[in-house]
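Trainee: What follows is the residue order along each chain.
2 protein chains.
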Amino acid sequence: MNSIMSGCGAEHGLITVDQALDLILQHTQGLATESLELNGALNRYLAQEVYSAINLPLFSQSAVDGYAICAQSAIEPHSEFKLIGEIQAGHSSELQLKAGQAVRIFTGAKIPFGTTTVARQEMVNVLDSTRIAITEHLHANVDIRNVGEEISVGQLLAHKGQFLSVGAIASLSMAGIQNVEVFRYPQVAVVITGDEVASSIEDFAAGKIFDANAPLIQAWFQNAGQQVEVFHVADTEDAVKALIQELSDSHDVILTTGGVSVGDYDFIRPVALDLGFEQLFWKVKQKPGKPMFFAELTRPDRTRCYLLGLPGNPAAVYVGMQIYTSTLLRALQGQKQQPDWFSAVLTHELKMDSRERFLRMSASFDQGLLKVWSLSKQQSHMLSNLMQANCLVRIPAGAALSKGQIVQGLFIH
Amino acid sequence: MNSIMSGCGAEHGLITVDQALDLILQHTQGLATESLELNGALNRYLAQEVYSAINLPLFSQSAVDGYAICAQSAIEPHSEFKLIGEIQAGHSSELQLKAGQAVRIFTGAKIPFGTTTVARQEMVNVLDSTRIAITEHLHANVDIRNVGEEISVGQLLAHKGQFLSVGAIASLSMAGIQNVEVFRYPQVAVVITGDEVASSIEDFAAGKIFDANAPLIQAWFQNAGQQVEVFHVADTEDAVKALIQELSDSHDVILTTGGVSVGDYDFIRPVALDLGFEQLFWKVKQKPGKPMFFAELTRPDRTRCYLLGLPGNPAAVYVGMQIYTSTLLRALQGQKQQPDWFSAVLTHELKMDSRERFLRMSASFDQGLLKVWSLSKQQSHMLSNLMQANCLVRIPAGAALSKGQIVQGLFIH
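Protein chains in written order, with UniProt numbering: chain A, 1 to 413; chain B, 1 to 413.
It is possible that part of the hints are untrue.
For identical chains, the list gives no copy identity; a pair is met inside one copy or between any two copies.
[Said to hold, decoys possible] Calculated cross-link-like contacts (lysine-lysine; reagent style BS3-like; alpha-carbon spacing at most 27 angstroms):
1) K283 <-> K336
2) K160 <-> K377
3) K403 <-> K377
4) K371 <-> K403
5) K98 <-> K336
Simulated from the structure, these hints should not be mistaken for lab results.
Computed from a predicted structure; not experimentally measured.
Produce the complete structure using the sequences and hints provided.
Mentor: Rendered as structure tokens:
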């Protein structure tokens, strides 16, 4: 039999999810920038515009394997040309074409001075070592990639704030960019609280549980190509205080799990306030993750440490990472924007809840329409439906939803 | 002025994109499996079912900070109970409740024997150190997470083939799973051909271009959390042959760029055939990437090496990685399936082309409907629109498309 949950979301005065996200965006101060080699800048954000120092293509070149030709006019079938040499891709040549002449040329090779068009080899008959004949009609300027036709010297290649995806890295590489100025990636420390969490198999004892939160957060950062330090701390005020104080000197972000509710052993919030953190919010009208806490500390050098206190239930940690941590980390890299919500069609009814919910759902496309349906086992201490889920969907508070209603969500990977 | 391209897709006898993908899926032999620690198995695929050795929750526990209570019936407001102790999360207790008794308890703590319900602390008046009063109606079995309510001992946690996402890792961690049997990740070597490609800034000379392909492929694997070895090779038959021969002994996959077309310096295919590779296909009716080549070598020990020869144009490499390399790497890990295409609505007309096209597009959601529009600069030697593109869209061959038509695509990151 499932347990019954008391309606603990009926509390008044809690902020909404959008208000919480806005407070994160308002209060985050972008980090400094740094210069990186382009091949070390994957998944960062540009801190400066990038302009091209070269033309792309760098020189006019053949788009095919064939023959560069100099002809006064359009070429009729059976026209013959004198073959005066060969230009291989990547090799320079002093050859110049005069009317009636041709050179053997390959894809990407620089076309010689005097070229008026290129004949791909499928339309050429090689008559002998010095003469070729064209077998089809051929216009001027065919299969030539003209210098600068994609990008010209001085042109903007990428805006400030550009996300350096695989494609962006490739595109900048092609323009010869070697270094880029990007926002520094935040230094993040993770603090796992809760005496019930076994930090290792040796630590296991009655009343303890296997820890999902540290593996979850480590995998999340690993997926983003980043490393984090993870600390386990006992549920005593002194231990929590000593650790938070130390980390707040050296890190941009402290992520904590657990210890932010109203229990007698919930020390994260009182300790942070005691250490001089300013509370930006505590408690969000959401499920899971109501007691979420966000605070900032301004250090003597005016730099800041942010503390995002995620509730200890693993589903609250999961949602917190996908929605809030990602928003905070982007904002610290100069990108002040909400998560990139999709819109989708709900395939079934949903009962009312007094809090906004993030439900783990399955999404699939049907003729361009994204349809989502909820999975079972949504409680905050349950994670097993993440085997099937491919999205988190926001269900607004305060009203039942009917089939066909439009909802927002995020793909998860 | 843009160059005019000759209609080099009109060739007959080429296979389609779906046929090429099917040939990859048909011919790949899944790799061996290996046992990994769970925290090293992110983004792998399970090679065995995983069953739970424990119940989840592991024991019946409180869902809130409050009081575990033993009552014979539903509790009326003002009912009083005798407080006999406290149980903190993660601590074991020998306490047992009798009718009329209560213990202070915290979220996640094991409820004592005799508990009939839990009262969250917001509905409790502490009268003195030994007595509490409940302020609201309270049913039996409220705010208790029952042992095994999510997962019971012996239950299937994850199917063979399960992708180990962040959520899957977290979920298995919670069930105490320490090690998993997964498919080995393929050992991949990358060979960049083409004398026109400068492998470093020092290598730059007239007729050469900056290399986009090696950075593209390296970033692509880095994004997948994998490392690859990249080799540059000169356009001579001997150099290509020596390198491919060496790599085919030691690697599961050789990815090559360039050298697969019909030019005199295109040595990949003849060399591979010469070394005993069996051609599975050559030339796909697609744009970009027509001369794509796929072959397999069966080694004396019956294991295989696969060679995927991508054309040298960077857009062909990009498409090749997203569509074909990803499919091949998944299949080698036991997952024989096409890419996970979305469906979307085309927002404009598109002209006919004799080959299927992969166009770099921008996609956004509108009331649940995914709408895509094409970007400029789609030619195979151009990459700059990858700054804006967030998807690759498949445009079928042979017919013009009208606005509103449904197309398939893939999100790119």
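Trainee: Run the structure past the numbered hints and jot down the numbers of the failing ones, going up.
Mentor: Number 5 only.
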